[in-house]
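Trainee: The chain contents come next:
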Amino acid sequence: MLLIHCPYCDEPRPEIEFGYAGEAHIARPINPDDLSDAEWETYLFVRTNARGRHFERWRHVHGCGRFFNAVRDTVTDTFERTYKAGVARPGEADSWTGDTGGIV
Amino acid sequence: MTRFSAATLLAKAIGHHKGWPAQWPDAAPKPSYDAVIVGAGGHGLGAAYYLAKKHGITNVAVIDKGWLGGGNTGRNTTIIRSNYLYDESAFLYDHAVKLWDGLSQELNYNVMYSKRGVLMLAHNVHDVQSFKRHIHSNRLNGVDNEWLTAEEAQAYCPPLSIDPNARHPVLGAALQRRGGTARHDSVAWGYARGAAALGVDIIQNCAVTGIRRGADGAVEGVETERGFIATRKIGVSAAGNSSVLMDMAGLRFPLESFPLQALVSEPVKPFFPCVVMSNTVHAYMSQSDKGELVIGAGTDAYVSYSQRGALHIVEHTLAAICEIFPVVRRMRMLRNWGGIVDVTPDRSPILGKTPVKGLYVNCGWGTGGFKATPGAADLLAWTIAKDEPHPINAPFNLDRFRSGRLIDEAAAAAVAH
Chain D
18 MLLIHCPYCD EPRPEIEFGY AGEAHIARPI NPDDLSDAEW ETYLFVRTNA RGRHFERWRH
78 VHGCGRFFNA VRDTVTDTFE RTYKAGVARP GEADSWTGDT GGIV
Chain C
57 MTRFSAATLL AKAIGHHKGW PAQWPDAAPK PSYDAVIVGA GGHGLGAAYY LAKKHGITNV
117 AVIDKGWLGG GNTGRNTTII RSNYLYDESA FLYDHAVKLW DGLSQELNYN VMYSKRGVLM
177 LAHNVHDVQS FKRHIHSNRL NGVDNEWLTA EEAQAYCPPL SIDPNARHPV LGAALQRRGG
237 TARHDSVAWG YARGAAALGV DIIQNCAVTG IRRGADGAVE GVETERGFIA TRKIGVSAAG
297 NSSVLMDMAG LRFPLESFPL QALVSEPVKP FFPCVVMSNT VHAYMSQSDK GELVIGAGTD
357 AYVSYSQRGA LHIVEHTLAA ICEIFPVVRR MRMLRNWGGI VDVTPDRSPI LGKTPVKGLY
417 VNCGWGTGGF KATPGAADLL AWTIAKDEPH PINAPFNLDR FRSGRLIDEA AAAAVAH
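Quick mapping for you: the protein sequence lines, in order, are chains D and C. Under our numbering, the first residue of the first sequence is numbered 18, with each subsequent residue one higher. Under our numbering, the first residue of the second sequence is numbered 57, with each subsequent residue one higher.
Since the hints were derived computationally from the structure, they do not count as laboratory data. Take the hints with a grain of salt, since some may be wrong.
In the DMTMM-like style, the derived pairs of lysine to aspartate or glutamate whose C-alpha atoms are separated by at most 25 Å in a straight line are [what the hints assert, rightly or not]:
id	chain 1	residue 1	chain 2	residue 2
1	C	K171	C	E202
2	C	K188	C	E348
3	C	K409	D	D54
4	C	K171	C	E465
5	D	K101	D	D54
6	C	K409	C	E202
7	C	K154	C	D82
8	C	K121	D	E34
9	C	K121	C	D157
10	C	K409	D	D50
11	C	K409	C	E322
12	C	K325	C	D303
13	C	K413	D	D90
14	C	K413	D	D54
15	C	K171	C	E276
16	C	K121	C	E279
17	C	K442	C	E144
18	C	K121	D	D90
This one's a predicted model, so the numbers in the text were calculated from it and none came from an experiment.
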């Protein structure tokens with residue numbers, strides 16, 4: 018079972034308290050009427066499915082109830098960091114200095 | 057290739073089973089092939105076999121980063137059925153079931169296809185209505201499926217508890233008698249042996265590291281750990297790693313990879329005669345010929361390539377099994393493992409051409425790829441050989457995610473995932 022650090026509660030909690038909510042940083046289109054079929058396909062269905070560093074959303078369902086983002090290695094399942102929703106997508110592992118939600 | 061028969065078995069038995077030859081050679085890559093299949097599971101090996109057998113294309117290599125049949129072919133719960141709701145799916149999966157029938161004879165290798173029946177339990181009014189709709193739809197498509205009352209279901213599967221006071225009482229069940237199980241390893245070995253005998257090279261422990269494309273965009277070959285292999289046709293049949301390979305060709309796919317766990321119990325004497333699935337209680341079970349109960353359920357929730365999952369998923373699965381079969385409550389579990397399944401948004405596979413010329417794909421089977429092994433292999437071979445999809449797999453194209461013509465089997469799967 019994964020131990021996940023909730024950046025709002027600021028403590029690691031077991032996976033069963035959380036719900037997985039898919040890939041992070043997929044912005045809902047501002048201009049849906051103008052989108053082509055290919056753009057809708059990308060927005061709705063196409064996913065990075067990264068083997069390695071993966072940006073994803075989790076929700077602390079049985080805790081504070083809030084959505085947050087995480088960077089996890091999908092080969093080892095190790096969390097690199099979690100950070101609050103709305104924080105910009107972090108860059109490479111060693112270059113990011115944003116809100117780590119309490120862990121680095 | 058030594059043809060197996062009672063006579064050869066007897067002759068080798070007299071010789072204390074010494075002197076059996078290798079069933080297929082461990083090939084080294086040649087500089088070029090007419091076609092390369094990436095992924096030496098049942099689907100990929102089968103595709104190579106049918107390319108050679110049905111289409112006369114024998115200069116074929118099957119490449120795998122690990123060993124033959126070591127991915128999901130060796131990790132699944134071996135359930136075979138074709139009772140899918142939609143016409144496209146019914147034709148696709150029933151094509152496979154028809155090929156399962158006679159596969160042992162075709163390959164001269166016992167894949168132990170056992171038509172022991174697949175029983176799908178209905179626990180509430182919604183289940184009853186949904187399963188009856190499936191039964192009517194299946195029968196219109198020529199797929200056998202019938203309704204059993206709770207008493208008839210228990211007569212078919214005596215360990216089943218139909219206690220009306222159970223938390224999830226059994227109200228009835230849908231039974232596909234042609235459904236059942238097969239020996240998963242034998243499927244890979246049988247296809248490997250058959251393909252190798254027809255001239256196919258099976259190259260193991262040779263990861264593909266890149267897909268080379270020419271100036272016109274068409275594929276020119278694959279980069280591997282053991283050098284470049286030139287080919288004009290690449291068939292990708294790599295399950296959980298499909299999107300990684302598509303990425304090498306510059307394509308982004310509507311796929312997500314999840315761990316799916318399964319487990320087996322200690323072996324006991326035969327008492328469980330069929331396959332039972334329960335969508336509502338959320339588990340499925342059968343008994344292998346070794347006597348182990350083979351148990352599975354839904355995937356873990358998150359994208360992962362780790363080939364392992366979390367224990368609470370297994371606990372949930374076993375709780376469900378004990379709920380339906382109180383008789384197994386004191387049994388101990390022996391092994392537990394995970395495989396990586398590639399899931400599409402509509403839970404139907406993608407089997408056909410890609411936007412890259414010469415690149416063909418067979419992916420997105422999610423949690424239910426084993427049952428389709430001979431069918432998917434046959435259709436992938438057809439698609440590669442003819443450079444166009446067979447009418448059966450034509451609806452399962454990549455374009456449906458753009459056109460919106462999805463084959464939405466998400467709610468029709470045996471267990472929710």
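Trainee: So, for every hint listed, does it hold in this structure?
Mentor: Status of each hint after checking the structure:
no., hint, in the structure
1, C/K171 - C/E202, "holds (15 Å)"
2, C/K188 - C/E348, "violated (31 Å)"
3, C/K409 - D/D54, "holds (19 Å)"
4, C/K171 - C/E465, "holds (24 Å)"
5, D/K101 - D/D54, "violated (32 Å)"
6, C/K409 - C/E202, "violated (36 Å)"
7, C/K154 - C/D82, "violated (31 Å)"
8, C/K121 - D/E34, "violated (36 Å)"
9, C/K121 - C/D157, "violated (31 Å)"
10, C/K409 - D/D50, "violated (30 Å)"
11, C/K409 - C/E322, "violated (44 Å)"
12, C/K325 - C/D303, "violated (48 Å)"
13, C/K413 - D/D90, "violated (32 Å)"
14, C/K413 - D/D54, "holds (22 Å)"
15, C/K171 - C/E276, "violated (43 Å)"
16, C/K121 - C/E279, "holds (12 Å)"
17, C/K442 - C/E144, "holds (21 Å)"
18, C/K121 - D/D90, "holds (20 Å)"
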